[in-house]
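A.B. asks: Listed below are the residues making up each chain.
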Amino acid sequence: MRAVVVLFAVSVAFLVLKAVQVAGKVERPSSPPEAIASSEQLDVAVRRLNDQFHKQWKSEGVSVAGPADDLAILRRLSLALFGTVPSLEDIRQFEADTEPNKIDRWVVRMLQDSRFSVYFAERLARSFVGVEEGPFIIYRRDRMTAWLTEQLQRDASWSDMTKELIAAEGLWTDKGATNFITIARTDDETINVNKLAGRTVRTFLGQRIDCAQCHDHPFDEQWKQDDFEGLTAFFCQAAVTLGGVTDKKTGENDEPIVYKVVDPGKEQSEARIVPEAVPFHDDWLPLDGGLRHRLAEWVTHKDNRRFERAISNRIWGFMLGKPLHEPVDDLPHPVDGEVDPLDVLGQEFRSRGDRLSVLIRMIALSDVFRLSSESLAADEATYSAQVQAWSVFPLVRLRPEQVIGSLFQAGHVRTIDQNSNLIARVQKFGNENDFLNEYGDMGDDELLQQVGTIPQALLRMNGRFSAELSKVEMLSAAGQIINFSPDNSAIVENSYLACLGRRPTDQERTYFLDLLDNTYEADSKKREADPSTPESDPKPSRSQADVVQDLFWTLFNSPEFSWNH
Amino acid sequence: MNNDLSRRKLLQLMSACGLMVALPGMTAKAASRRRDERPKSLITLWMNGGMSQLETWDPHPGTPTGGEVKDIATTSKDLRISEMLPQLAEQMHLCTVIRSLTSKEGDHERGAAFVKTGYRPEPTLKYPTLGAIAAHELPDSKIEIPQHVALAPDRISPEGGYLGNQWDAFRVFSPGDGLSNLKSYVSKERQADRLKGLSVVSQQFEQRRQFGAKNTLHQNTLDRALTMMTSEQLKAFELTEEPTAVKKAYGETSFGKGCLVARRLVEVGVRAVEVNLSGFDTHVSNHEGHITQTKILDPAIATLLRELKERDLLDSTIVLCISEFGRTPSINPAGGRDHWPNWFSCMIAGGGFREGTVIGSTPSDIPQQDSNMQMAGRGKLIGPTDPILVPELYATIMASMGIDARKEIMTPIGRPIRFADAQPSARLLKDNVASKVIKS
Numbered sequence: 004m005r006a007v008v009v010l011f012a013v014s015v016a017f018l019v020l021k022a023v024q025v026a027g028k029v030e031r032p033s034s035p036p037e038a039i040a041s042s043e044q045l046d047v048a049v050r051r052l053n054d055q056f057h058k059q060w061k062s063e064g065v066s067v068a069g070p071a072d073d074l075a076i077l078r079r080l081s082l083a084l085f086g087t088v089p090s091l092e093d094i095r096q097f098e099a100d101t102e103p104n105k106i107d108r109w110v111v112r113m114l115q116d117s118r119f120s121v122y123f124a125e126r127l128a129r130s131f132v133g134v135e136e137g138p139f140i141i142y143r144r145d146r147m148t149a150w151l152t153e154q155l156q157r158d159a160s161w162s163d164m165t166k167e168l169i170a171a172e173g174l175w176t177d178k179g180a181t182n183f184i185t186i187a188r189t190d191d192e193t194i195n196v197n198k199l200a201g202r203t204v205r206t207f208l209g210q211r212i213d214c215a216q217c218h219d220h221p222f223d224e225q226w227k228q229d230d231f232e233g234l235t236a237f238f239c240q241a242a243v244t245l246g247g248v249t250d251k252k253t254g255e256n257d258e259p260i261v262y263k264v265v266d267p268g269k270e271q272s273e274a275r276i277v278p279e280a281v282p283f284h285d286d287w288l289p290l291d292g293g294l295r296h297r298l299a300e301w302v303t304h305k306d307n308r309r310f311e312r313a314i315s316n317r318i319w320g321f322m323l324g325k326p327l328h329e330p331v332d333d334l335p336h337p338v339d340g341e342v343d344p345l346d347v348l349g350q351e352f353r354s355r356g357d358r359l360s361v362l363i364r365m366i367a368l369s370d371v372f373r374l375s376s377e378s379l380a381a382d383e384a385t386y387s388a389q390v391q392a393w394s395v396f397p398l399v400r401l402r403p404e405q406v407i408g409s410l411f412q413a414g415h416v417r418t419i420d421q422n423s424n425l426i427a428r429v430q431k432f433g434n435e436n437d438f439l440n441e442y443g444d445m446g447d448d449e450l451l452q453q454v455g456t457i458p459q460a461l462l463r464m465n466g467r468f469s470a471e472l473s474k475v476e477m478l479s480a481a482g483q484i485i486n487f488s489p490d491n492s493a494i495v496e497n498s499y500l501a502c503l504g505r506r507p508t509d510q511e512r513t514y515f516l517d518l519l520d521n522t523y524e525a526d527s528k529k530r531e532a533d534p535s536t537p538e539s540d541p542k543p544s545r546s547q548a549d550v551v552q553d554l555f556w557t558l559f560n561s562p563e564f565s566w567n568h
Numbered sequence: 008m009n010n011d012l013s014r015r016k017l018l019q020l021m022s023a024c025g026l027m028v029a030l031p032g033m034t035a036k037a038a039s040r041r042r043d044e045r046p047k048s049l050i051t052l053w054m055n056g057g058m059s060q061l062e063t064w065d066p067h068p069g070t071p072t073g074g075e076v077k078d079i080a081t082t083s084k085d086l087r088i089s090e091m092l093p094q095l096a097e098q099m100h101l102c103t104v105i106r107s108l109t110s111k112e113g114d115h116e117r118g119a120a121f122v123k124t125g126y127r128p129e130p131t132l133k134y135p136t137l138g139a140i141a142a143h144e145l146p147d148s149k150i151e152i153p154q155h156v157a158l159a160p161d162r163i164s165p166e167g168g169y170l171g172n173q174w175d176a177f178r179v180f181s182p183g184d185g186l187s188n189l190k191s192y193v194s195k196e197r198q199a200d201r202l203k204g205l206s207v208v209s210q211q212f213e214q215r216r217q218f219g220a221k222n223t224l225h226q227n228t229l230d231r232a233l234t235m236m237t238s239e240q241l242k243a244f245e246l247t248e249e250p251t252a253v254k255k256a257y258g259e260t261s262f263g264k265g266c267l268v269a270r271r272l273v274e275v276g277v278r279a280v281e282v283n284l285s286g287f288d289t290h291v292s293n294h295e296g297h298i299t300q301t302k303i304l305d306p307a308i309a310t311l312l313r314e315l316k317e318r319d320l321l322d323s324t325i326v327l328c329i330s331e332f333g334r335t336p337s338i339n340p341a342g343g344r345d346h347w348p349n350w351f352s353c354m355i356a357g358g359g360f361r362e363g364t365v366i367g368s369t370p371s372d373i374p375q376q377d378s379n380m381q382m383a384g385r386g387k388l389i390g391p392t393d394p395i396l397v398p399e400l401y402a403t404i405m406a407s408m409g410i411d412a413r414k415e416i417m418t419p420i421g422r423p424i425r426f427a428d429a430q431p432s433a434r435l436l437k438d439n440v441a442s443k444v445i446k447s
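Chains as they are written, first to last, in my numbering: chain A, 4 to 568; chain B, 8 to 447.
Careful: at least some of the hints might be erroneous.
What the hints assert, rightly or not - DSSO-like cross-link-like pairs, simulated, lysine-lysine; straight-line CA separation at most 27 angstroms:
no.: 1; chain 1: A; residue 1: K325; chain 2: A; residue 2: K251
no.: 2; chain 1: B; residue 1: K111; chain 2: B; residue 2: K195
no.: 3; chain 1: A; residue 1: K474; chain 2: B; residue 2: K414
no.: 4; chain 1: A; residue 1: K178; chain 2: A; residue 2: K61
no.: 5; chain 1: A; residue 1: K263; chain 2: B; residue 2: K111
no.: 6; chain 1: B; residue 1: K302; chain 2: B; residue 2: K254
no.: 7; chain 1: A; residue 1: K325; chain 2: B; residue 2: K221
no.: 8; chain 1: B; residue 1: K149; chain 2: B; residue 2: K316
no.: 9; chain 1: B; residue 1: K302; chain 2: A; residue 2: K542
no.: 10; chain 1: A; residue 1: K263; chain 2: A; residue 2: K251
no.: 11; chain 1: B; residue 1: K190; chain 2: A; residue 2: K474
no.: 12; chain 1: A; residue 1: K198; chain 2: B; residue 2: K437
no.: 13; chain 1: A; residue 1: K263; chain 2: A; residue 2: K166
no.: 14; chain 1: A; residue 1: K269; chain 2: A; residue 2: K252
no.: 15; chain 1: A; residue 1: K305; chain 2: A; residue 2: K198
no.: 16; chain 1: A; residue 1: K252; chain 2: A; residue 2: K178
no.: 17; chain 1: B; residue 1: K111; chain 2: A; residue 2: K474
no.: 18; chain 1: A; residue 1: K305; chain 2: A; residue 2: K263
no.: 19; chain 1: B; residue 1: K111; chain 2: B; residue 2: K190
no.: 20; chain 1: B; residue 1: K149; chain 2: B; residue 2: K221
no.: 21; chain 1: B; residue 1: K203; chain 2: A; residue 2: K542
no.: 22; chain 1: B; residue 1: K111; chain 2: A; residue 2: K269
no.: 23; chain 1: A; residue 1: K198; chain 2: A; residue 2: K269
no.: 24; chain 1: B; residue 1: K111; chain 2: A; residue 2: K227
no.: 25; chain 1: B; residue 1: K149; chain 2: B; residue 2: K195
no.: 26; chain 1: B; residue 1: K414; chain 2: B; residue 2: K84
no.: 27; chain 1: B; residue 1: K190; chain 2: B; residue 2: K149
no.: 28; chain 1: B; residue 1: K446; chain 2: B; residue 2: K414
no.: 29; chain 1: A; residue 1: K325; chain 2: A; residue 2: K61
no.: 30; chain 1: B; residue 1: K437; chain 2: B; residue 2: K414
Calculated from the structure, these hints are not laboratory results.
Chain A extracted, bound-state conformation:
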C-alpha cells in the first residue's frame, strides 16, 4: 500500500514538473513582432486611433486625465500580458533603459516572453471553451491551451487560428484546436450544434445570437431564428470518432447527413431539413469544401468587419480590463461608411497579417492606455462621463489569477518565469490552484465588471497566501529587501516597488519610516552609535522583520494592489 502511495506521489510530482517545464518551453517566433510592423509604422496607425478618441473628447467636452507615469504603464502591461505585477528585477531593468521607443520595445520584448504566450493562451481559451469540465476523455482543455500557447509564440495569424478552431480534424490530444468541437459532445454521443454555432458567432464575430436558437432576436431585427439555424447547419456533419474529430457526410445507411430541426411538440418524423446558410454576404462563402471549412472561410473573410472588430474589442478588454463595448461579445453592427476605434484597430490589424501582436502593440501605445486613472472630476456624473468616453484609465478589479500571480511575484525579488528554479515554479503552480479555488473563478464572464467579495477580502487578509508571501525569510522578497537595502528608506521604497510597482509618496514614506525607526534593531543601533542615547520610551515592541512583514501585508491588502489602475 505504502509503495503505491509513494509511486502515486512520485508520478504526481513528475506530472507537475512536466507541466511546468512544458509551460516554460520557449519556441522561436516565426517572425518577430517588430518585423511585422516597425515602431514607426505603428505610430501612424496609433495616430489614427488616437484621433478617434480626441475627436470624441472634444465633441463631448469631457476633461481628459493626465498621462500615467512609465511605472504605472509597466504594471498595466505586466498584468495584461503576464498576469502578474512586474518583478523588482523587471522594474530595475525597465528604469535602466533610456533608449527611444521604450514602451514599444518593452511590449515587443514581453510578447516574446513565454509568460505572455502561456498566460494569454489561458485567457483566449475561455472565450473558445469556457472553464467547464467538458466530456470525459475526449475533451482536453490542456491540449487546447498548449496549442494556443504555441500559436501565440509563433505570432500566428488570427484568421488561421480561427479557421483551425472551427474546421480542425484529428485527435483532441494531438490537434489541440479540435477541443473546440469535442467540448460540445453530449451524453448521447451527438454534437451540440447549437452550442457550437452560438459560440462561433459570439467569439469570432462578436454577436450574441444564442436566443435566436428558439425565436427571432427580441431587440435586434437583424438576427432571425432562420439565421441561427442556417449557421448551425454548418456543424451538422461534425463528429467525434475514435480517430478524432472529423466530418461525416453520410450516415450508417449511406444517406447524406443533413441538419434537421424538430420543432417543440412535434415528432422526430416531422423534422424539418435546414440547409446551411449564412445570414449575410453569401458571396463570401466558398462553394467547395467541407461545411465547417466553408463556414471558417466566411467568418474570416477579408471583408467581414465583424471578425476584426470582435477580436479588437476582446484584446482591448484584455489590455485595459474592460472592452470598448460591453458585453465583449455583443457589438453594435458595423455601419457602412462609418469608422469607429474598433474599425481602426481592425483595419490596421488586417493590413499587417492579422497578428494579435499588432493589436496589443497598438493598444499599448494608444493615448487611452497611457492615461492616468486619477481624475479631478468634481462629481460622480463628470467622472462617469470620463469613464464612458475613455478619457481616464478605468479602475478594474484584477482577475483572480492576476491577484495570486501578483502576490506570488511580489513575494519574490527575481522574476518568476521559465528561468526560475523549479521549486519556485512548482510552488507557484500549487499556490495558484489552491488560491483560485478559494478566491473563486469568473469562468468565461471574465470581462464582466465585478466588485470584490467578503471571502476574497478575508482570504487576502488572513489566508495562508499573504501570510507566507509576506514572511521575512532568506529567499523571500521581504527578507532580501531587508538584507540588501542600504537603509530604512530603501526598505520602504523597495517594498513598494515589489508590491505596487511604484515608489511611496512622501506621506507614506514618512509613516513607514517612523515605524522602522522604532524597532529593536533601530533602537540598539542608536545606542551603539551613541551609548548616551536614553532608552526609548515606550520601548519598541516590534522587530524590523515584523514591521516589513506588516508593510507587505498592508500593501497586499490595499485597493491599489487588487485593482488595475
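Starting from the known structure of chain A, fit chain B onto it as the hints suggest.
C.D. replies: Just chain B now, with coordinates in the frame of chain A:
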C-alpha cells in the same frame, strides 16, 4: 400547541429576567419574534446528482417502475413515502410533497442551473439563484455575517449571477468545523497597526480617484469582512455549544452538521442557506445508493423540521428539499436509474406552505420513449398530473417571503429580467397566507 405556548412563555420569562439565551447578534426582541413577525428565511437542501423520486418522495411499489423499494404511511393521512425515510415520515404533517416538478434539462450542470435559478441556462447571462435573490431583496443591517451561505457546497455553488458576485453564497466546506480565514494571524495590537497603515496607503490611492475608488467598494468590503471577523454572530457557524444528543439526532455527517448549522444561522437571521448532499448520481446500484444517501438525509432533515417547529421558527423558515432532476422510471442493466428531468419531486415545508399535502402524481408504467429524446424536451410524453413548474414554485416562495417575483432588474446585457418568469401559485400556500401574499 402546548409546546408553542410554553416555549413563548419561557422566552418571555427569560427575557424579562435578563436571561435571554438567544444566539449572539440578535436583540432580545428579535430573538423572541416568532411566526409572522419574523422576517422569512430559506433553507434549501440540495440533493446533488439527481435524487430518485421513486426511492424517496414518490415510491411506486409493486409496479413496473417501482424497483425494490416499499412505501410507508406518514403522519399525513393520504401521503405515503419511501420506507427509506422513516424519520421524515413522522414529520410529513408539516410538509408539502410536490411529485410533478418538470424540467427539460437532463445534464447535471444545466439541470442544476435551471433548478437553482428557475431559468434555463443560457451562455450570455448568468441568473441569480433563489437564495441570492432573497439575500439581495431582504437585507438586514443587523446581520454582520453573510446573508447567503452555502454549507458543504460542491463545484456548483449558489451564485449572485447578474446581481453581482457580492451575492454569491459564502461557502463553508466543512460545516460545524470552524471557518477558515476568519482569524488574523497576528496579535490584536499588530492587526490594529496594520489597519492603520492600510488606511494611509488607501487614502493616497483614493485622494485623486475619489469617485472611481468609491465605486470599487473595496473599503466597504474590507469593513464588512473586518466586522464579520469580530462578530459574535459567527458563533452560529459553530456547534460546540449544541448538546451531544442534538448533534447525534441530526447525524454526525457533513450534511447533518450542515442542517444543524443552517438552523443556527436562521436563528441569527441569515436569509438564505443551502446545505448540499452529494452522491445521488446512481447510474449503478440505484437502490443501494439511495439506502446510503437516505441514512444521511432522513435523520438530518427530520430533526431540522422538528427543531424548527419546536422553536416556533417554521412559520418564518421555508425548508425546500430539491434536486437538479429525478431518475428514470426504468432500471438499467447495472441496477441504476439514469437522469430524468420530465418529472421529479421536491419537499417543501414552513413559511406558509401547505402542510400534509401532496401535489401531482406520476405514471407507474415505464414510458415507451424512455430515451434522451425526452431529456431534450422533444417528442411527446404523457407527463405527471398537476405539473408544477420550477419558476412557479420559486415565484410562490418569493411571494411567501415578501419578494416581488415580477420585479425587473436591468442586467449587464441590457435586458430587464424578472426574478421569476411565472406567477405565484395559491394552491401551494395555506389559504390565509395565499390571500395575504398573492395579489390578484
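A.B. asks: Given the proposed pairing of B/K190 with A/K474, does the C-alpha separation stay at or below 27 angstroms?
C.D. replies: holds, 17 angstroms
A.B. asks: Within 27 angstroms, alpha carbon to alpha carbon, are A/K325 and A/K61?
C.D. replies: holds, 22 angstroms
A.B. asks: Is the hinted pair B/K203 and A/K542 satisfied, with a Cα-Cα distance of at most 27 angstroms?
C.D. replies: holds, 20 angstroms
A.B. asks: Measure nothing beyond the straight line between the CA atoms of A/K198 and B/K437; if it is 27 angstroms or shorter, mark the hint as holding.
C.D. replies: violated, 43 angstroms
A.B. asks: Assess, step by step, whether the Cα of A/K305 is no farther than 27 angstroms from the Cα of A/K263, and give holds or violated.
C.D. replies: Judged against 27 angstroms, a Cα distance of about 31 angstroms means the pair is violated.
A.B. asks: Quickly compare the C-alpha distance for B/K111 and A/K227 to 27 angstroms and report which way the hint goes.
C.D. replies: holds, 24 angstroms
A.B. asks: Are A/K178 and A/K61 close enough, with their CA atoms no more than 27 angstroms apart?
C.D. replies: Violated, at roughly 50 angstroms.
A.B. asks: When you check the alpha-carbon spacing of B/K414 and B/K84, does it fall within 27 angstroms?
C.D. replies: violated, 39 angstroms
A.B. asks: For A/K305 and A/K198, compute the direct alpha-carbon distance and say whether it is at most 27 angstroms.
C.D. replies: Judged against 27 angstroms, a Cα distance of about 25 angstroms means the pair holds.
A.B. asks: Can you confirm whether the C-alpha distance between A/K269 and A/K252 stays at or below 27 angstroms?
C.D. replies: This hinted pair holds, its Cα atoms lying about 26 angstroms apart.
A.B. asks: Do the alpha carbons of A/K325 and A/K251 lie within 27 angstroms of each other, as the hint requires?
C.D. replies: violated, 41 angstroms
A.B. asks: Is B/K149 close enough to B/K195, meaning Cα to Cα at most 27 angstroms?
C.D. replies: holds, 24 angstroms
Checked against the numbered hints above, the structure violates hints 1, 2, 3, 4, 9, 12, 17, 18, 19 and 26; every other hint is satisfied.
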